[in-house]
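Peer 1: Here is how the chains run, residue by residue.
There are 2 protein chains.
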Amino acid sequence: MAEAKPNINLGLEGVYFTESSVCKIDGIAGRLWYRGYPIEELADQSTFEEVSYLLLYGRLPKRKELDDFSSQLAEERALPEKTARIIADMSGKTDPMHVMATAASSLSAYDREADDTTRDANLRKSVRLISKLTSIVSSIGRYSAGMEAMQPDGNMGHIENFLYTLTGRRPSADAVSNTQAMFILQAEHSSNASTFSALVTASTLSDIYSAVTTGINTLKGPLHGEADEAALRMLRAIGTPDNTERYIEEALAGKQRIMGFGHRIYKTYDPRARIIKRRLEALQGSASEEIGRLTQIALRAEKLMIDRLGQSHGIWPNIDFFAGPVYLSAGIPVELFTPIFAASRVSGWCAHILEYWQNNRLIRPLDYYTGTLDLKYVPIDAR
Amino acid sequence: MAEAKPNINLGLEGVYFTESSVCKIDGIAGRLWYRGYPIEELADQSTFEEVSYLLLYGRLPKRKELDDFSSQLAEERALPEKTARIIADMSGKTDPMHVMATAASSLSAYDREADDTTRDANLRKSVRLISKLTSIVSSIGRYSAGMEAMQPDGNMGHIENFLYTLTGRRPSADAVSNTQAMFILQAEHSSNASTFSALVTASTLSDIYSAVTTGINTLKGPLHGEADEAALRMLRAIGTPDNTERYIEEALAGKQRIMGFGHRIYKTYDPRARIIKRRLEALQGSASEEIGRLTQIALRAEKLMIDRLGQSHGIWPNIDFFAGPVYLSAGIPVELFTPIFAASRVSGWCAHILEYWQNNRLIRPLDYYTGTLDLKYVPIDAR
Numbered sequence: 001m002a003e004a005k006p007n008i009n010l011g012l013e014g015v016y017f018t019e020s021s022v023c024k025i026d027g028i029a030g031r032l033w034y035r036g037y038p039i040e041e042l043a044d045q046s047t048f049e050e051v052s053y054l055l056l057y058g059r060l061p062k063r064k065e066l067d068d069f070s071s072q073l074a075e076e077r078a079l080p081e082k083t084a085r086i087i088a089d090m091s092g093k094t095d096p097m098h099v100m101a102t103a104a105s106s107l108s109a110y111d112r113e114a115d116d117t118t119r120d121a122n123l124r125k126s127v128r129l130i131s132k133l134t135s136i137v138s139s140i141g142r143y144s145a146g147m148e149a150m151q152p153d154g155n156m157g158h159i160e161n162f163l164y165t166l167t168g169r170r171p172s173a174d175a176v177s178n179t180q181a182m183f184i185l186q187a188e189h190s191s192n193a194s195t196f197s198a199l200v201t202a203s204t205l206s207d208i209y210s211a212v213t214t215g216i217n218t219l220k221g222p223l224h225g226e227a228d229e230a231a232l233r234m235l236r237a238i239g240t241p242d243n244t245e246r247y248i249e250e251a252l253a254g255k256q257r258i259m260g261f262g263h264r265i266y267k268t269y270d271p272r273a274r275i276i277k278r279r280l281e282a283l284q285g286s287a288s289e290e291i292g293r294l295t296q297i298a299l300r301a302e303k304l305m306i307d308r309l310g311q312s313h314g315i316w317p318n319i320d321f322f323a324g325p326v327y328l329s330a331g332i333p334v335e336l337f338t339p340i341f342a343a344s345r346v347s348g349w350c351a352h353i354l355e356y357w358q359n360n361r362l363i364r365p366l367d368y369y370t371g372t373l374d375l376k377y378v379p380i381d382a383r
Numbered sequence: 001m002a003e004a005k006p007n008i009n010l011g012l013e014g015v016y017f018t019e020s021s022v023c024k025i026d027g028i029a030g031r032l033w034y035r036g037y038p039i040e041e042l043a044d045q046s047t048f049e050e051v052s053y054l055l056l057y058g059r060l061p062k063r064k065e066l067d068d069f070s071s072q073l074a075e076e077r078a079l080p081e082k083t084a085r086i087i088a089d090m091s092g093k094t095d096p097m098h099v100m101a102t103a104a105s106s107l108s109a110y111d112r113e114a115d116d117t118t119r120d121a122n123l124r125k126s127v128r129l130i131s132k133l134t135s136i137v138s139s140i141g142r143y144s145a146g147m148e149a150m151q152p153d154g155n156m157g158h159i160e161n162f163l164y165t166l167t168g169r170r171p172s173a174d175a176v177s178n179t180q181a182m183f184i185l186q187a188e189h190s191s192n193a194s195t196f197s198a199l200v201t202a203s204t205l206s207d208i209y210s211a212v213t214t215g216i217n218t219l220k221g222p223l224h225g226e227a228d229e230a231a232l233r234m235l236r237a238i239g240t241p242d243n244t245e246r247y248i249e250e251a252l253a254g255k256q257r258i259m260g261f262g263h264r265i266y267k268t269y270d271p272r273a274r275i276i277k278r279r280l281e282a283l284q285g286s287a288s289e290e291i292g293r294l295t296q297i298a299l300r301a302e303k304l305m306i307d308r309l310g311q312s313h314g315i316w317p318n319i320d321f322f323a324g325p326v327y328l329s330a331g332i333p334v335e336l337f338t339p340i341f342a343a344s345r346v347s348g349w350c351a352h353i354l355e356y357w358q359n360n361r362l363i364r365p366l367d368y369y370t371g372t373l374d375l376k377y378v379p380i381d382a383r
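So the sequences go chain by chain: A and B. Letter by letter, the first sequence follows residues 1 to 383 of the working numbering. Letter by letter, the second sequence follows residues 1 to 383 of the working numbering.
No wet-lab data here; the hints were simulated from the structure. It cannot be assumed that every hint is accurate.
Copies of the same chain are indistinguishable here, so a pair counts whether it falls within one copy or spans any two.
Unchecked claim - Subject to a maximum C-alpha distance of 20 angstroms in a straight line, what follows is the list of computed EDC-like cross-link-like pairs (lysine to aspartate or glutamate):
(1) LYS93 with GLU75
(2) LYS376 with GLU148
(3) LYS376 with ASP174
(4) LYS303 with ASP115
(5) LYS5 with GLU160
(6) LYS93 with GLU113
(7) LYS303 with GLU245
All values derive from a computational prediction rather than experimental measurement.
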């Protein structure tokens, strides 16, 4: 082992592994574009269906293209009976993300095109996955609450139908609009850990169901998708607005990590957090007592954190921080935040997978061996 | 976008992302060590149970430690009823690797320690996964053949029980020994794509069931785990020994990839292929007509390929090339080769995951954006 120790890129931070035209993050300016469109314009003017089309096809659809795409999504909402049974069996017994990953993994068995590896078939499978992952989330929500799953309503848009099949009630316009914004904001974020892991799976020429399941399994981690749940739990633990400063100061003094702040790429205010903060402020007047209180806590915590860690340490609010109260106001329980993240991000996963396969290369880095060599195998009774 | 274009490490080839003491590959000398022990000594003298212990704990077990470990593996063989149902429902309807991933993903719901994230609990979960993934493979084999799953036999070792529950017959000593060697040789191979993807999942502090499911999904690809199936299909397509040279020459002339040759790391003879080739030669005398014929074809193809591409292009036989006839001789059908690979490699996946968590860092590389920016969002009817 005379070789010199190589440079080790821990966490692959700063390492480029591919080119892509799906998404650009400017972490210094705090800007984000999907396929060249600023996130602010998409979040306020577009729909999740349109953004999914944009991500997959690389351009905004014309009217007829969007109508067709939305119809396909609506037609694919029903889950195979065996997939529904998996959700019924597992819900409440384990993390909802495990239920989601297992259900998503089962879908290939009931896709008659499973073996077709053409780009067109993979686009159709992407539509199926985008549609069905949202159905999986509402089914998990229903079964976890001890209720039967609802039949989808083919006349509703993707987000309206989601909230309807989750809550059993026709949702308010505000609930649809805010949930739609969250789906749009979470649909894509370049080669984050879940997308990257999906690409590693895809790079062996495995299939899109396998790659998306990998994305779900990676998103499950508290350092990735589960951060919005953790942030809401903190707001609830703070309890009352007047307790905010004391709680945060104590947490900082104890070197606890404050969930919803700081990001590998953004070294300034997360532009998605800005959009959701604005929606949260707009909600305050009409919100329930709990949401109003959590919103006040969030706004006070944000102000204090920016004072303490913003300019000085580059630790700013990210999208996870404000998501909780927005979701609660739409009737979405905390344990579904991460599954919804996956049901949104699947559009980005599929866009990246389809792009990567156009110029595929097996992703296989190296680890640097630090152990000994040429140990002698000693028979067990002589050890 | 005035920034200079950065260096892009396509496929992360040659990039180090972590240190590890699990496995060393010397791709130039053609050598391989698990935890410092040369693979040749392990393949000939050890067992899969012992190698799994070695990988997880970093040292060879004493007699009592191995007995305890083997007992734990034997006790964990039964599958939860709902997992067995998933296998029964999906087998024959999709790729066996999808069945395996879905079944593995479901296991967390039936692990009473699922939420315990301590190292000790994760070691116990590793034992469960190592034991149950092999049970999943034999169940898939049974259901795919239209038969019921067999009850495990607690008095048999891991490999003997596997072959017994797959075929319904007590296996020959040769079948156990050769299958054992394959399980040992496939148990670990540093940060290959499946292991690396499992680590990306693990690096978000997701859990070991999710990370192992990711490994299965990645191993599924034809550029990774499915290569041994493809190699056997080629031997069968060649048909007769005398057709070997013509077939290979035509394939090379047509620039077809010959499965079972070439490797990202080995630029010489794969040491695992050498071990399995020796076992294949030993089998020839006693083998069936089909195995004898496939073995002759494999040996002639290997000789020709080494002449054509070995020294000149660094393309040498890898383990996948000789695995097929060895498996067939133990009564294992071709569609289970990759699931068996996963049932072996799970020991390496778990060893790497446990090691990585001792010094965890989120794995999140960058992609280089090549698209446009600041496109104007045009309302749909104006497009």
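Peer 1: Confirm or reject each hint.
Peer 2: Status of the hints after comparison with the structure:
1. LYS93 with GLU75: neither (30 angstroms within a copy, 22 angstroms between copies)
2. LYS376 with GLU148: Answer is neither; intra-copy 60 angstroms and inter-copy 44 angstroms both fail.
3. LYS376 with ASP174: neither (69 angstroms within a copy, 26 angstroms between copies)
4. LYS303 with ASP115: neither (53 angstroms within a copy, 34 angstroms between copies)
5. LYS5 with GLU160: Close neither inside one copy (56 angstroms) nor across copies (43 angstroms); limit 20 angstroms.
6. LYS93 with GLU113: Between copies only: 12 angstroms across, 32 angstroms inside.
7. LYS303 with GLU245: Within one copy only: 10 angstroms inside, 74 angstroms across.
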